[in-house]
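As you go down the protein sequences, you meet chains A and B in turn.
In this note's numbering, each residue's number is its place in the first sequence (first place is 1) plus 1281.
In this note's numbering, each residue's number is its place in the second sequence (first place is 1) plus 1281.
Just so you know, these hints were derived from the structure itself, not from any lab.
Please note: incorrect hints may appear among the correct ones.
Copies of one chain are not kept apart here, so a pair can be met inside one copy or by any two copies together.
Straight line, CA to CA, 30 Å or less: simulated DSSO-like cross-link-like pairs of lysine-lysine [said to hold, decoys possible]:
| hint | residue 1 | residue 2 |
| --- | --- | --- |
| 1 | LYS1306 | LYS1438 |
| 2 | LYS1327 | LYS1306 |
| 3 | LYS1509 | LYS1300 |
| 4 | LYS1419 | LYS1283 |
| 5 | LYS1438 | LYS1284 |
| 6 | LYS1522 | LYS1501 |
| 7 | LYS1300 | LYS1523 |
| 8 | LYS1306 | LYS1437 |
| 9 | LYS1528 | LYS1284 |
| 10 | LYS1300 | LYS1395 |
| 11 | LYS1522 | LYS1284 |
| 12 | LYS1522 | LYS1419 |
| 13 | LYS1528 | LYS1437 |
| 14 | LYS1522 | LYS1306 |
| 15 | LYS1437 | LYS1300 |
| 16 | LYS1284 | LYS1419 |
| 17 | LYS1306 | LYS1395 |
| 18 | LYS1306 | LYS1419 |
| 19 | LYS1528 | LYS1438 |
2 protein chains.
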Amino acid sequence: MKKIYVIKIGGNIIDDEEKLAAFLKSFATQSIANNGGLVLVHGGGKLATRLAEQMGIEQQLVDGRRITDAETLKIVTMVYAGYINKNIVAQLQANGCNAIGLSGADGNVILAHKRTAKGDVDYGFAGDINEVNTDLLKALLEQQMTVVLAPITHDKKGQLLNTNADTIAQETAKALSAVYDVSLIYSFEKSGVLLDANDDSTVIPAIDPSSFRELKAQQKIFAGMIPKLDNAFAALDSGVKKVIIGKAELLEQLINGESGTTISNE
Amino acid sequence: MKKIYVIKIGGNIIDDEEKLAAFLKSFATQSIANNGGLVLVHGGGKLATRLAEQMGIEQQLVDGRRITDAETLKIVTMVYAGYINKNIVAQLQANGCNAIGLSGADGNVILAHKRTAKGDVDYGFAGDINEVNTDLLKALLEQQMTVVLAPITHDKKGQLLNTNADTIAQETAKALSAVYDVSLIYSFEKSGVLLDANDDSTVIPAIDPSSFRELKAQQKIFAGMIPKLDNAFAALDSGVKKVIIGKAELLEQLINGESGTTISNE
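Only chain A is shown next, with the shape it has when bound in the complex (with noise of 0.2 Å):
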């Protein structure tokens, strides 16, 4: 069965041109290496805030989370599925790795649906995923091409809508694992899941269910990390093999096992 990596890179590489290219140069060498079956999926960065203060827009927060307007949703259309997937695609190519920037409308290959409000809070033109198609993608990876997705889906009825990276990443290694062995990278900021979040050297290699549940009775885990470890879990009851969380500076190694926290159920 071929093996497949759908790797998430943060905000924090976007935003860095000499890191995302380094990223990016690392990134096409693994592509080649495993004969495509890479798939990038990107955010945005701080680029649509940028672009928003400039074009005297006002970002609406609520806990943190940015309220897609109409005009919020048209600026992270164009920084996200125009700009940064352009633009990644576009480096990716030069270093000799055969990418195709996709957003969720591109071949209906994620589609969902506008979030309900909750109580007060309308989160706009927010996306939750109803399904990821796995027709194209399938048809791409079997061509050696490695797909590059931007945090943009659509509802099927001509309406874009704005969708959390994280959980694109997931629900795409989800859906693939019906035909692939699949591993899901988790690529941002620290070396993996820590022990002491300001201590890089903390590193837990290795979480199974059973070790989780000891972590957090303990309360070792950096109660921020918690969703995102309940997120693994949930992918590997899915059908993915392992998910993997550490450093984008680290991709091959990560690749390999060799640096970062890996999570799995054995």
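Let chain A serve as the given structure and place chain B on it in line with the hints.
Same frame as chain A, but now just chain B:
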């Protein structure tokens, strides 16, 4: 041999939400009737100019052509490959047409190079096309998908380039002619090539090389149309079966040869 229609839509449709929605509905119907096999090439309309104004970026024009400096390239990438391309794809999907939006960087579909400066005029990040790679296009068309091309290309060295949409349509039609029976349709605000530029009822229904020579000799064609017609004949000489110029609102009639001007070598 499968019939393929490469259809360019002009800025006047892009700029008008209602006209665009009506066009895309008709386009989807035609695409479904043809079992896929439609390629849509869109320009940018006035959105990019408006966004630049909103961001306080001054546009430089030389002989009516926009100079693509780094900031302008960022804007056209966002607007063309992001906002316009993804909204067109989402609307086609809503109309039951399995569309996928691509820039020239995606799958290395359109390889270009930065236009060399002419005398004092440096066009900046404007791209002239080297080659349209049909492998991915063929694979998508064989899967009955509809391809939507944004006028952004790349040089395979990591640089995105702003590229004329008419030229993208023409080069794509020429490249696909190696394997398909290709018609190239330029849809715009007029009913076709007119004898009197101000009278839409003076459409010339058909032009062949000898009638084109005559019309030029008698100065019966509006001078602005001559480069378009020269390009049309160049496309025919490269294997395109026919070129049709006419009104976007009458897409079905253009495809069926019941409206517009049909340019052919016969």
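ask   = Which of the listed hints are not met by the structure?
value = Violated hints: none at all, because every hint is consistent with the structure.
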